[in-house]
Every structure is written in C-alpha cells, then in structure tokens.
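**Q** My request is simple: use the sequences and hints to build the entire structure.
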Amino acid sequence: MDRNRRLSARLCLLLLGLASQAEAREPQPCASRLLDAVARQVGHDGWIAPSYESSGPFLAVACKPWPDDPAQTVIAMAYLDPGDTAVEGERHPHLLLAKADSRSGKLLERYDSDFEEDASVAVGSDSLWLDTARYRLSPTVRAFGVVFHSVARGASCPEAGFDNLLTLVVPAGEGKLRPVLNTYLDQWRTLKGSVCSAEPGFEQEVSHLTLELGRGRSNGFADLVITSRVSDGETENGKPLRTVKRTLRYDGERYPFEEYSDFWHRQ
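For the sequence shown, the positions run -24 to -1, 1 to 243 when mature numbering (1 follows the signal peptide of the UniProt record, and there is no 0) is used.
Don't take each hint at face value.
Stated by the list, open to error - Distance condition first, Cα-Cα at most 25 Å in a straight line; then the derived DMTMM-like pairs of lysine to aspartate or glutamate:
id	residue 1	residue 2
1	K215	E229
2	K168	E188
3	K152	E92
4	K215	E188
5	K221	E179
6	K152	D107
7	K215	E179
8	K152	E66
9	K215	E181
10	K82	D12
11	K168	D208
Calculated directly from the structure, the hints in this document are not laboratory data.
**A** Laid out in structure tokens, this is it:
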C-alpha cells in the first residue's frame, strides 16, 4: 500500500471508530405537536424544521418515551436564540434536556446549559441521542442522559481526540434537573508516530466507555462502574487490547470523574 493510501486508511479507521456508536443508534423522532409546544417554551414562535439550505434556529433534537411513565417524554434540543444567524463553527447554542408531558408538551423538569462551537465542537442534525438505560440510582431516583456527538472536522493531524459527551441528570426539585456525571465516552491518543505519517511503528489507543450500576451505595445513590474497552483503532469491531474498570461513588452532589478520562491509559 502506498503512502497516501496508508494515511487515508488510518484516518478513516480512526474516524469510524469514534463515530461508530453514533451511527449505530436508532433514530429518536419527536411528535410535531410536542416540538411546537417546547419551541414556544424556549422563546420561539413555534417549531421550524431544519432544511437542506439552512438548519434554522433548531440544530438538533431527540425524543424518547420515559420508560417509567408513558405519559411523559424525555427530550434533548440544541437551539439558537431567535434571530441568531451565526454560521456553523461560530454559533453559541443552548442545550435543553427535559421531561415533558407527552400530550401537551409542557416541560415538567429541565436542565439548561450553553456551549460554544469551535474547531472541535459543532452541532449536526444527528448530534443528540438520549440514554434511558436502567440507571436506578435509588428506589425513587432514575437518572437519564444525553450523548452529544460533534460533527466538527477538528485538527488535520491530531495527537489525541474525543467524542460522544455523556451528561447524566437526576431530578433536583422545583421542576429542575441537575447533572451528576459528564464524560466523553470515546477517546483516543497517539503513543508513537503520527496519524498523518506513513512511517512504520505507529501506535495508538482508542477507548470506548460503558456505564452500569455497581453493587455498592454511597450517600444514597448506587455506585456506577465505568468500563473502558481499549483497542488499537486499526480494526473496526476488533477485540480490545485490554478492559479497565473504575467504580464511581456519589459524593452527595456528583459522581467525581474526569470529562477527559485517563484511567485507561497504559502505564
């Protein structure tokens, strides 16, 4: 294989590894009446569907029935302020993560945050995916989350990368939700050489995190077990080089854990 083909193959495999989880997820469509009601509650006149020519004020949205109550829907929405016409890469979107009444669209509980797009972070129409796995943290509290997948192109020859940011939330009272965990599910780093070099001996590690409930309990909430499956990134769906686990214990406010984790790094 010549130099250009080797570089192209290496870059493609790396990008496929980071994006495969997002691409494999099933669509999470929203009812139009629900979208219209939620849009009005975040300051717009109503829902405006994105078009090929322009994404409009609503950049990404996902909905899913709440497993514990079919009368409720969980929704994640990335949107701009009315009249904001900034281009991709320069926008300042708002992110809404909420539970809503499935019939009326009234927001019952919500968490609002803001972020800025840049060379490594940009919102696409499929950037949001809701995670409603059985995160039963206590007999009365079930957490849920949203995974944000960036469509930014990023640096041309990076030495490391990250994608699929998970935000896990729980009820906070008075119609609010609050985050208890934020971390990137997918990361990679270069150990030797460069992703853009055809020199032999290139080495990298790619980590994919999964989350499950642990057996212990701390400050009223179940422990969480983070599992990293580390591969070399050269083969899609290949066997991991190693599997590393870490138990997170709730401190009364959050599960202390890095947004950019390194517990999976080879020592």
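**Q** Hint by hint, say whether it matches the structure.
**A** Comparing the hints with the structure gives:
With a C-alpha separation of about 36 Å, the suggested pair K215 and E229 falls outside the 25 Å cut-off, and the hint is violated. For the given pair, K168 sits about 32 Å from E188 by alpha-carbon distance, which is inconsistent with the 25 Å threshold. With a CA separation close to 23 Å, the supplied pair K152 and E92 stays within the 25 Å bound. Distance restraint check for K215 and E188: the Cα-Cα separation of roughly 21 Å lies within the 25 Å cut-off, and the hinted pair is therefore satisfied.
Only pairs whose Cα atoms come within 25 Å are accepted, and K221 paired with E179 is accepted, the gap being roughly 23 Å. Between K152 and D107 the alpha-carbon distance is near 18 Å, which keeps this suggested pair within the 25 Å criterion. For the hint linking K215 to E179, the alpha-carbon distance of about 16 Å falls within 25 Å, and the restraint holds. For the proposed pair K152 and E66, the alpha carbon gap of about 29 Å is over 25 Å, so the pair is violated.
Between K215 and E181 the CA atoms are separated by roughly 13 Å; this keeps the pair inside 25 Å, and the hint holds. For the hint pairing K82 with D12, the CA-to-CA distance comes to about 10 Å; that is within 25 Å, so the pair holds. At most 25 Å may separate the alpha-carbon atoms for a hinted pair to count; K168 and D208 meet this at roughly 12 Å.
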